[in-house]
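These protein sequence lines map, in sequence, to chains A and B.
All residue numbers for the first sequence refer to the numbering used here, where the first residue is 2 and numbers rise by one.
All residue numbers for the second sequence refer to the numbering used here, where the first residue is 28 and numbers rise by one.
It should be emphasised that the hints constitute simulated quantities derived from the structure, not laboratory data.
It cannot be assumed that every hint is accurate.
Cross-link-like lysine to any residue pairs, in silico, SDA-like; alpha carbons within 25 Å at most [what the hints assert, rightly or not]:
#	chain 1	residue 1	chain 2	residue 2
1	A	96	B	85
2	B	156	A	80
3	A	100	B	86
4	B	95	A	93
5	B	157	A	61
6	A	94	B	108
7	B	156	A	84
8	B	156	A	70
9	A	144	A	168
10	B	204	A	92
11	B	187	A	91
12	A	96	B	70
13	A	64	B	200
14	B	70	B	491
15	A	64	B	150
16	B	547	B	564
17	A	100	B	81
18	B	443	B	660
19	B	114	A	80
20	A	35	B	158
21	B	86	A	93
22	B	149	A	65
23	A	136	A	168
Because the structure is a prediction, the values reported are computed rather than measured.
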Amino acid sequence: MSGTLQKDEAPKKDMKDVLASVENIKCPVQRSQKFVEEFLSEPMCGKCHPCALGSYEALVRIKRISSGTGTADDIAAIQRIADDMLESSRCIKGKDTAKFLLNELKKDAFRGHLDGHCEDMECSSLIIYRIIAAKCTLCGLCKDACRYNAILGEKKVSYRSGYLSFEIRQKRCVKCGDCLPACPYGAIEVIEQKTAVLA
Amino acid sequence: MANMVNLKIDGKDVKVQEGTNLIDAAETAGVHIPNLCYMKGMKGIGACRLCLVEVEGSKAPLIACNTKVKEGMNVTTSTDRVVEIRKFVTDLIVSMHPLDCMTCTKAGTCNLQKYAYDFEIKESSFSRKKFGYSPDESNPFIKRDPEYCVLCSRCVRICKAQDTNVLEFSGRGVGAKVETGNQKPLQESGCTFCGSCIDVCPVNALLESDRWRKGREWEYEKTDTVCLSCGSGCSISVSTKDGSVVKINSGAPDGSIERTICAVGRFGFDSLIGDLRITSPMKRVGTELQETTWEDAVGIVAEKLKAAGTDAAIVSNGAILNEDAALLAKMAEALNTKNVSSTVSLYSGADAMKSGGADLEAADFIVLVGIEPSQWKRVLPALDASVRKRLNNGAKLIVINSGDLQISSKAAAALKGDEAKMLMELAQAVISKGTKAPKEMIEALAHLNPSDDAVAAAEVFMAASAPVILAAPSLYKAAANLSLIKGEAVAVPLEANARGVVAMGLGSKGFSETVSARSKVLYAVGELPVSSRPDTGFLIVQASHMTDLAAQADIVLPSAAALESEGTIIDWLGRIKKVNRVCVPAGDAKQNGDIFMAVAGAMGASLKPAKEADIKKAVKTKSKTSFASFTKEEGLDADPAAFMQEINKATVNGSRLLWLKELESCQVTA
Chain A
2 MSGTLQKDEA PKKDMKDVLA SVENIKCPVQ RSQKFVEEFL SEPMCGKCHP
52 CALGSYEALV RIKRISSGTG TADDIAAIQR IADDMLESSR CIKGKDTAKF
102 LLNELKKDAF RGHLDGHCED MECSSLIIYR IIAAKCTLCG LCKDACRYNA
152 ILGEKKVSYR SGYLSFEIRQ KRCVKCGDCL PACPYGAIEV IEQKTAVLA
Chain B
28 MANMVNLKID GKDVKVQEGT NLIDAAETAG VHIPNLCYMK GMKGIGACRL
78 CLVEVEGSKA PLIACNTKVK EGMNVTTSTD RVVEIRKFVT DLIVSMHPLD
128 CMTCTKAGTC NLQKYAYDFE IKESSFSRKK FGYSPDESNP FIKRDPEYCV
178 LCSRCVRICK AQDTNVLEFS GRGVGAKVET GNQKPLQESG CTFCGSCIDV
228 CPVNALLESD RWRKGREWEY EKTDTVCLSC GSGCSISVST KDGSVVKINS
278 GAPDGSIERT ICAVGRFGFD SLIGDLRITS PMKRVGTELQ ETTWEDAVGI
328 VAEKLKAAGT DAAIVSNGAI LNEDAALLAK MAEALNTKNV SSTVSLYSGA
378 DAMKSGGADL EAADFIVLVG IEPSQWKRVL PALDASVRKR LNNGAKLIVI
428 NSGDLQISSK AAAALKGDEA KMLMELAQAV ISKGTKAPKE MIEALAHLNP
478 SDDAVAAAEV FMAASAPVIL AAPSLYKAAA NLSLIKGEAV AVPLEANARG
528 VVAMGLGSKG FSETVSARSK VLYAVGELPV SSRPDTGFLI VQASHMTDLA
578 AQADIVLPSA AALESEGTII DWLGRIKKVN RVCVPAGDAK QNGDIFMAVA
628 GAMGASLKPA KEADIKKAVK TKSKTSFASF TKEEGLDADP AAFMQEINKA
678 TVNGSRLLWL KELESCQVTA
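Generate coordinates for the entire structure from the input sequences, incorporating the hints supplied.
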């Protein structure tokens with residue numbers, strides 16, 4: 002396949018940049034997803050089928066897992082794609098991507114995700130942000146920080162009573178994490194969606 | 028001869044030429060190595076990875092398409108490891124391919140279907156991908172449906188190899204798509220509709236536009252024959268169903284550079300049926316042509332010819348078969364008339380049509396002398412494509428022409444000016460470097476001081492090991508002088524059986540003089556570049572289609588079209604090619620030779636068909652190349668493009684090619 006880049010337009014991103022983009026991500030599933038996304042966005046040259054078609058399929062499967070709809074089949078598929086890409090890709094870029102995936106797959110996290118656990122609290126579909134009512138001082142800083150207008154609540158005014166704690170509207174929350182550093186009292190927690198439902 | 032290499036493939040001993048790749052080598056041992064993107068004769072690109080094989084001593088599997096054989100190599104083509112990779116890639120491709128094999132036209136020849144079957148992929152284990160691309164169905168020749176594309180890039184590469192450069196990739200990976208360069212329909216993208224892309228497409232992404240519900244590959248009967256539309260005389264493979272032609276593909280061996288045909292050869296078969304076709308003999312009654320019987324028509328023709336005797340004139344085109352031409356010559360002999368001629372005399376002398384052959388496949392250097400094969404102008408399009416394929420494979424080109432040619436941009440040197448003079452300068456430049464040449468030539472050129480261009484061209488010529496000089500017949504003798512120094516020279520005629528017709532004795536006299544000789548009876552055979560009735564007492568036209576000339580005839584005899592005839596031709600490289608009957612002649616039409624025998628019979632002369640040995644003998648008589656003066660033969664300047672148009676008029680006007688012709692005329696005026 003040769004939907005290739007023209008010679009004169011050298012790729013702006015290379016494999017180093019792809020690797021750098023996942024440096025600060027801890028969750029293996031998130032790391033894999035970001036890695037493959039970045040890989041597909043530029044360094045993937047498209048000169049051979051296993052890598053061009055395989056990494057796209059791998060991304061489809063990783064996204065399923067990170068969104069909580071993944072199954073054991075998806076993990077097996079990613080494993081197969083990575084194994085075969087390592088064997089049959091034309092160049093080092095495909096092989097490096099395969100190696101990266103194989104390395105991440107070794108971690109238990111993939112399996113954990115099937116049950117809704119993202120230990121690193123990075124897979125947004127598996128987690129929720131919640132305000133701990135007991136700690137909330139009704140200062141309203143989190144509401145100011147939220148760009149998505151996802152936080153409900155009334156700022157406290159002196160000498161008035163009957164306030165309820167601030168609350169995050171889950172439907173509006175995109176899990177950007179901006180509210181976390183905004184709260185001086187540590188009143189916002191990130192928990193697995195699964196445990197939240199149980200609670 | 029290249030060195031032979033011994034190796035083992037799947038335990039079988041294989042002996043092949045040095046430089047062969049593993050796919051081709053395995054084929055000789057009857058082992059098929061799966062592949063989607065490999066094209067025989069072109070460099071392997073290793074995109075599909077299906078051809079990965081294991082070679083002893085190599086840790087990683089190697090791509091068979093681009094791995095050359097080595098002495099003592101031990102290759103295993105189907106280990107678990109590589110079979111898994113093949114399954115994996117096929118699985119991925121199936122995940123983005125429509126699963127409609129039950130109605131797909133390419134079912135049975137589709138490579139993806141074959142591999143899915145071989146690897147037991149009933150449906151893909153990967154997620155289904157749908158693109159929603161719309162097909163390009165805006166022309167009557169080629170349908171492109173990107174939904175089916177497996178991104179093998181064969182079509183893109185074959186189009187580039189022929190320098191037509193219409194198809195290109197856009198995007199990468201799963202989102203890649205084959206498009207025209209300007210993303211417009213084919214007819215607005217400089218496409219010549221040669222259909223080479225159809226021949227190479229492994230799936231249903233490219234196919235003939237009219238194939239829907241016209242049967243599938245296993246229902247077709249395939250016949251190898253030759254296209255007689257122009258001087259290239261291409262091998263074609265014709266598929267018929269229930270006696271009628273469904274499609275035509277290139278018939279040259281896989282991997283040969285001659286594996287190209289053009290739109291006329293591929294799509295002109297519509298003209299076998301249709302309004303323009305003559306299906307019964309006709310005679311002029313008053314001002315009208317009326318149908319009559321063979322008996323009546325042949326009787327009249329015989330009577331008129333006999334009465335005219337030596338005053339009868341016979342003309343033919345250069346596309347009638349050897350056997351037919353031989354019978355026509357004998358008929359002329361029986362009439363004792365010397366007024367026999369063929370259209371070959373419009374562009375070639377007799378000697379040029381006996382030139383030696385050449386190996387185009389191995390040519391590393393090509394000289395075009397006074398000819399302009401062009402896919403776009405539809406002059407010897409297949410030859411143009413072959414030459415360009417060679418050039419793109421590293422061969423060098425020198426163009427010697429008085430005009431500016433499109434192909435000159437690809438030439439190592441272009442000598443513009445009077446061709447004979449340029450040839451002299453080139454020869455002198457070569458000789459002045461101390462190369463051996465016949466004495467007469469050295470003497471004849473001694474006074475000449477070659478131009479810088481000629482000196483540069485001479486350097487390329489000397490570096491070449493297998494030069495092939497392709498010359499216009501009028502310049503053949505002059506160009507052949509070069510071949511006395513090195514290489515082969517061939518005269519390139521405009522008609523498929525020009526050499527055969529001359530060899531059978533029909534080329535000697537001027538065609539124009541014979542036509543305008545005020546003969547008592549003129550017997551015109553085949554489609555001729557004559558549109559108004561010549562000054563003759565009685566005009567007999569024997570043709571497959573109602574040409575302008577036939578419409579003005581006194582008697583019209585329906586002849587079989589090329590695809591309905593059987594015999595041989597001698598192609599421009601001097602090879603005998605078998606022409607096989609693909610379908611029965613339309614209506615009452617008969618093959619030329621049968622008509623000649625019937626006419627001669629009615630005149631009381633019995634003609635015997637030519638023997639195979641006679642034709643073989645005729646091929647062997649080749650003119651000896653000896654030094655001739657560097658001059659252009661006079662009177663052979665038929666304009667190739669106009670001539671081609673004239674002789675293919677009925678094919679074009681009677682088929683979907685008319686659409687293209689009209690489109691092109693619109694574009695010129697627009």
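Status of the hints after comparison with the structure:
With a CA separation close to 17 Å, the supplied pair residue 96 of chain A and residue 85 of chain B stays within the 25 Å bound. A C-alpha spacing of about 20 Å is found between residue 156 of chain B and residue 80 of chain A, which places the hinted pair at or below 25 Å, so the restraint holds. For a cut-off of 25 Å, the pair hint linking residue 100 of chain A to residue 86 of chain B stands: about 17 Å separates their Cα positions. Between residue 95 of chain B and residue 93 of chain A the alpha-carbon distance is near 22 Å, which keeps this suggested pair within the 25 Å criterion.
Restraint check: the Cα-Cα separation between residue 157 of chain B and residue 61 of chain A comes to about 14 Å, which is no more than 25 Å; the hinted pair holds. With a C-alpha separation of about 21 Å, the suggested pairing of residue 94 of chain A with residue 108 of chain B holds against the 25 Å cut-off. Using a Cα cut-off of 25 Å, the hinted pair residue 156 of chain B and residue 84 of chain A holds, with the two alpha carbons roughly 22 Å apart. Of the supplied pair hints, the one linking residue 156 of chain B and residue 70 of chain A holds, its CA atoms being roughly 18 Å apart against a limit of 25 Å.
A distance of roughly 9 Å separates the Cα atoms of residue 144 of chain A and residue 168 of chain A; the hinted pair therefore holds under the 25 Å criterion. Distance check on the hinted pair: residue 204 of chain B and residue 92 of chain A sit about 22 Å apart at the alpha-carbon level, within 25 Å; holds. For the hint pairing residue 187 of chain B with residue 91 of chain A, the CA-to-CA distance comes to about 23 Å; that is within 25 Å, so the pair holds. Note on residue 96 of chain A and residue 70 of chain B: the hinted pairing holds, with a Cα-Cα distance of about 24 Å set against a maximum of 25 Å.
Under the criterion of a C-alpha separation no larger than 25 Å, the hint pairing residue 64 of chain A with residue 200 of chain B is consistent with the structure, at around 18 Å. Between residue 70 of chain B and residue 491 of chain B the CA atoms are separated by roughly 22 Å; this keeps the pair inside 25 Å, and the hint holds. A C-alpha spacing of about 22 Å is found between residue 64 of chain A and residue 150 of chain B, which places the hinted pair at or below 25 Å, so the restraint holds. Between the alpha carbons of residue 547 of chain B and residue 564 of chain B the distance comes to roughly 5 Å, so the proposed pair stays at or under 25 Å and holds.
The suggested pairing of residue 100 of chain A with residue 81 of chain B holds, with an alpha-carbon distance near 22 Å, which does not exceed 25 Å. Proposed proximity of residue 443 of chain B and residue 660 of chain B is supported: the alpha carbons are some 19 Å apart, at most 25 Å. Taking the CA atoms of residue 114 of chain B and residue 80 of chain A, the gap is near 15 Å; set against the 25 Å cutoff, the hint holds. This hinted pair checks out: residue 35 of chain A and residue 158 of chain B have alpha carbons roughly 24 Å apart, not beyond 25 Å.
For a cut-off of 25 Å, the pair hint linking residue 86 of chain B to residue 93 of chain A stands: about 15 Å separates their Cα positions. Our distance criterion of 25 Å between C-alpha atoms is met by residue 149 of chain B and residue 65 of chain A, whose separation comes to about 24 Å. Between residue 136 of chain A and residue 168 of chain A the alpha-carbon distance is near 12 Å, which keeps this suggested pair within the 25 Å criterion.
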